[in-house]
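Enquirer: These protein sequence lines map, in sequence, to chains D and P.
Per the numbering used here, the first sequence starts with residue 8, numbered consecutively.
Per the numbering used here, the second sequence starts with residue 5, numbered consecutively.
Quick caveat, the hints were computed from the structure, so don't treat them as lab data.
Be aware that a few hints might be false.
[Claimed, not checked] Capping the alpha-carbon separation at 16 Å, the derived lysine to aspartate or glutamate pairs in EDC-like fashion look like this:
hint, chain 1, residue 1, chain 2, residue 2
1, D, 128, D, 190
2, D, 97, P, 105
3, P, 420, P, 357
4, D, 185, D, 222
5, P, 420, D, 23
6, D, 97, D, 145
7, D, 142, P, 18
8, D, 193, D, 206
9, D, 97, P, 18
Below are the chains, spelled out letter by letter.
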Amino acid sequence: MTEPAVAIRQVVKRYDGHVAVRDLSLTVPRGTVYGLLGPNGAGKTTSIRMLLNIIAPDEGDIRVLGRPNDDPDIVDRIGYLPEERGLYRKMQVRRVLRFLGELKGLSGKDADRRIDSWLEKLGLKNGSEDWGAAKVDELSRGMQQKVQFIGSLLHEPELVILDEPFSGLDPINAQALKDTVLDLRKQGRTVIFSTHIMDNAERMCDSVCIIARGEVVLDGRVTDVQSSHATRLVALAFTEPPSTAVRAVLSDRSLVARLDDSDRTLEAELAPDAQAPALLTRLVSAGAQLERFELVRPSLHRIFLERVGATGVEAGMSGHG
Amino acid sequence: MNKLMAVIRREYFERVRSRWFLLATVFGPVLFGALLFLPAILTARDKAKGPEELSRIVILDATGTDLGERVSSALGGGLSGSGSNAVVESVSSASLTAAEERATALVTSDSMRGYLVLDSATLAGRSARYAGANTTAMLDMSALGRAVQRQVQLMRMEAAGLEPSVSAALTSVNVSLVTERLTKRGRTDGNPLAGFLFGVAVAMLLYMTIFIYGLNVMRGVLEEKQSRVAEVVMSSVSASRLLIGKVVGVGSVGLTQLVIWVGRGWVMYSFRDKVLSRFDAGGLPLVIPDIGLLGGAMIFLFFIFGFLFYAGLFAAVGATVNSEQEAQQAQMPVVLLLLLSIMFLQNILLNPDGMLSVVLSTLPFSAPIVMPLRLSMGEVPTVQLFGALASVMVSAVAATWLASRIYRVGLLMYGKRPGVREIARWVSRR
Chain D
8 MTEPAVAIRQ VVKRYDGHVA VRDLSLTVPR GTVYGLLGPN GAGKTTSIRM
58 LLNIIAPDEG DIRVLGRPND DPDIVDRIGY LPEERGLYRK MQVRRVLRFL
108 GELKGLSGKD ADRRIDSWLE KLGLKNGSED WGAAKVDELS RGMQQKVQFI
158 GSLLHEPELV ILDEPFSGLD PINAQALKDT VLDLRKQGRT VIFSTHIMDN
208 AERMCDSVCI IARGEVVLDG RVTDVQSSHA TRLVALAFTE PPSTAVRAVL
258 SDRSLVARLD DSDRTLEAEL APDAQAPALL TRLVSAGAQL ERFELVRPSL
308 HRIFLERVGA TGVEAGMSGH G
Chain P
5 MNKLMAVIRR EYFERVRSRW FLLATVFGPV LFGALLFLPA ILTARDKAKG
55 PEELSRIVIL DATGTDLGER VSSALGGGLS GSGSNAVVES VSSASLTAAE
105 ERATALVTSD SMRGYLVLDS ATLAGRSARY AGANTTAMLD MSALGRAVQR
155 QVQLMRMEAA GLEPSVSAAL TSVNVSLVTE RLTKRGRTDG NPLAGFLFGV
205 AVAMLLYMTI FIYGLNVMRG VLEEKQSRVA EVVMSSVSAS RLLIGKVVGV
255 GSVGLTQLVI WVGRGWVMYS FRDKVLSRFD AGGLPLVIPD IGLLGGAMIF
305 LFFIFGFLFY AGLFAAVGAT VNSEQEAQQA QMPVVLLLLL SIMFLQNILL
355 NPDGMLSVVL STLPFSAPIV MPLRLSMGEV PTVQLFGALA SVMVSAVAAT
405 WLASRIYRVG LLMYGKRPGV REIARWVSRR
């Protein structure tokens with residue numbers, strides 16, 4: 008078995024006033040899409056920068072693609088899209104991309120060939136127009152983001168790291184990004200992305216790691232994470248408004264701990280000792296016209312809130328997500 | 005290595021391709037020449053209209069002699085001179101105050117340029133007074149002073165019984181000092197003005213190139229920071245390599261420009277007789293002092309390491325700021341350091357081997373400009389020369405090291421501008 012794409016062991020990073028990352032350990036298997044989740048200020052960007060050897064950890068050990076992460080050959084096998092995006096504004100798009108490719112060890116000729124096919128793929132070049140010849144300045148924001156994205160993938164990296172890739176993307180670019188990430192997985196590449204949007208993570212990731220206050224709160228395959236949080240939630244829908252008898256069942260505190268009927272479907276959280284079949288039996292015998300009775304898997308969002316809570320964001324921390 | 009080359013190539017070609025570079029390379033010397041020689045040309049023009057200016061004055065003669073008349077005709081070019089002479093008014097000591105008031109009115113109403121007061125102190129050979137609108141015209145003032153001095157001398161000689169023609173012959177002495185420069189390489193055409201001008205030109209050229217391209221490095225760093233491109237780049241190449249690539253790339257642009265300028269200057273110099281005769285100036289003794297191959301190589305080395313030193317400092321400044329305005333403030337200490345060497349230019353020119361010159365040509369921040377200046381004006385003791393070179397080289401390495409430490413952290417820091425203590429922490433950070 009090959010070594011994992013990323014293995015971080017007990018990494019600590021302190022800044023002058025505070026600890027940005029404390030005792031972080033995580034493993035990213037090869038060929039997976041891995042989500043690094045956490046509120047702003049949780050230490051996501053700091054962790055990613057350490058992973059990329061942009062900043063050095065104070066303690067701990069990081070291995071990337073089977074090598075220490077300060078191995079100079081390793082950086083050429085990683086593609087990185089930082090949260091703070093930017094390009095040389097006065098430069099021609101093609102030249103910027105060639106430069107970024109050369110920094111990853113591509114020859115100018117190889118880079119040029121790939122740039123053309125990427126520009127065509129993302130709609131920046133077609134029969135009538137070629138944005139590759141324009142200056143970065145002249146591109147719309149959405150187009151600049153595409154260029155940036157090309158820049159991080161041009162050298163066909165084995166490991167792709169995307170820091171908050173969806174922030175600031177319009178829906179069309181966001182979809183293009185999702186498609187590309189899934190493409191990358193199909194090709195057997197490893198993708199790590201950080202986000203605080205749980206929805207995206209839930210849909211795209213094989214595994215996730217939730218960090219808060221610089222520590223791992225939860226980590227594992229998405230399905231495992233969800234099943235380990237045994238569901239206590241029942242989604243209910245009725246074909247006609249519930250009768251008084253049905254309402255009485257739902258307000259029985261020994262069965263239902265909490266009822267959320269803000270939506271068209273009701274969400275009932277089972278009381279600690281209650282079982283779902285018991286609730287179903289009681290509802291049916293009370294004459295409820297059920298359209299839906301479903302045990303719902305908890306969303307990552309809910310798990311996240313449950314585990315991190317409102318205190319997850321350390322006061323006064325800002326800037327580096 | 006390939007990555008470093010990629011950084012250097014980008015920094016170099018993006019600048020060389022720009023319109024700014026083309027314009028500066030083509031018109032730079034014109035502007036430079038104008039800055040350097042325009043004051044001299046303007047002074048010369050002022051000198052040309054000197055006699056005319058000096059004939060528009062009132063001479064208040066309270067000596068009771070014909071000194072006023074003598075000075076007036078001397079200013080008008082003597083007896084053979086053409087043009088109108090200065091107005092002479094003989095006054096008594098008692099009415100002098102009133103006469104001065106009238107003359108003042110004439111000056112303020114612009115019908116006269118000024119008035120000269122000759123009195124007993126003048127006859128005694130001590131002083132004459134002049135008040136006017138043109139007292140800052142140095143050449144005119146010294147001509148006026150000389151004229152009075154000579155006429156007083158003439159009067160005294162005549163009073164001692166000498167014939168006017170004899171005394172005139174005695175005082176019309178004008179010795180010009182012809183100099184020759186002796187160096188170990190032999191005797192050279194010692195036109196002091198040419199050596200002077202060449203020295204100033206070399207110093208100014210180095211100063212401007214280091215200044216302009218040092219600032220250019222700072223702007224480049226700031227741009228990478230502001231556009232947020234720094235992080236992508238730093239995920240592929242280490243901060244120190246990025247810094248070195250930037251400094252070398254930008255420095256090469258400066259060097260390219262210098263080479264083009266010097267090359268063009270050389271061509272012009274080779275054909276100087278033809279060019280100068282076009283401007284009716286064929287006889288001008290325009291000779292560049294021979295500084296020798298070693299001198300030339302030394303000037304080159306001082307430029308290279310001087311640039312590295314300042315580029316490092318400017319890069320560090322660029323990494324600590326977030327905006328053009330902040331950069332304006334933060335660059336001041338570095339700019340002042342650079343200015344110091346130019347500030348004392350005159351003192352160094354007047355005394356190239358004096359204490360101040362020796363000190364300034366050894367200190368690492370001024371040596372890159374002052375030492376080439378001294379080299380192009382005369383010989384410099386070998387110990388001083390190599391001592392200065394060593395000091396500049398060591399400082400350049402130190403500045404680059406320091407800058408890369410600051411750069412590494414600063415490039416990813418946004419927000420408040422760090423204080424000195426925080427920057428010190430960046431430098432010591434792992």
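Enquirer: So, for every hint listed, does it hold in this structure?
Expert: Do the hints match the structure? See the list:
The straight-line distance between the Cα atoms of residue 128/D and residue 190/D is roughly 13 Å, inside the 16 Å bound, and the hint therefore holds. At most 16 Å may separate the alpha-carbon atoms for a hinted pair to count; residue 97/D and residue 105/P exceed this at roughly 66 Å. Distance check on the hinted pair: residue 420/P and residue 357/P sit about 47 Å apart at the alpha-carbon level, beyond 16 Å; violated. Restraint check for residue 185/D and residue 222/D: not satisfied, since their Cα atoms lie roughly 27 Å apart, outside the 16 Å limit.
Note on residue 420/P and residue 23/D: the hinted pairing holds, with a Cα-Cα distance of about 15 Å set against a maximum of 16 Å. Pair hint residue 97/D plus residue 145/D holds up; C-alpha atoms about 9 Å apart against a cutoff of 16 Å. At roughly 12 Å between alpha-carbon atoms, residue 142/D and residue 18/P fall within 16 Å of each other, so this suggested pair holds. Straight-line distance between C-alpha atoms of residue 193/D and residue 206/D comes to about 21 Å, which puts the hinted pair past the 16 Å bound.
Restraint check: the Cα-Cα separation between residue 97/D and residue 18/P comes to about 9 Å, which is no more than 16 Å; the hinted pair holds.
Hint check: violations occur at hints 2, 3, 4, 8; the rest are consistent with the structure.
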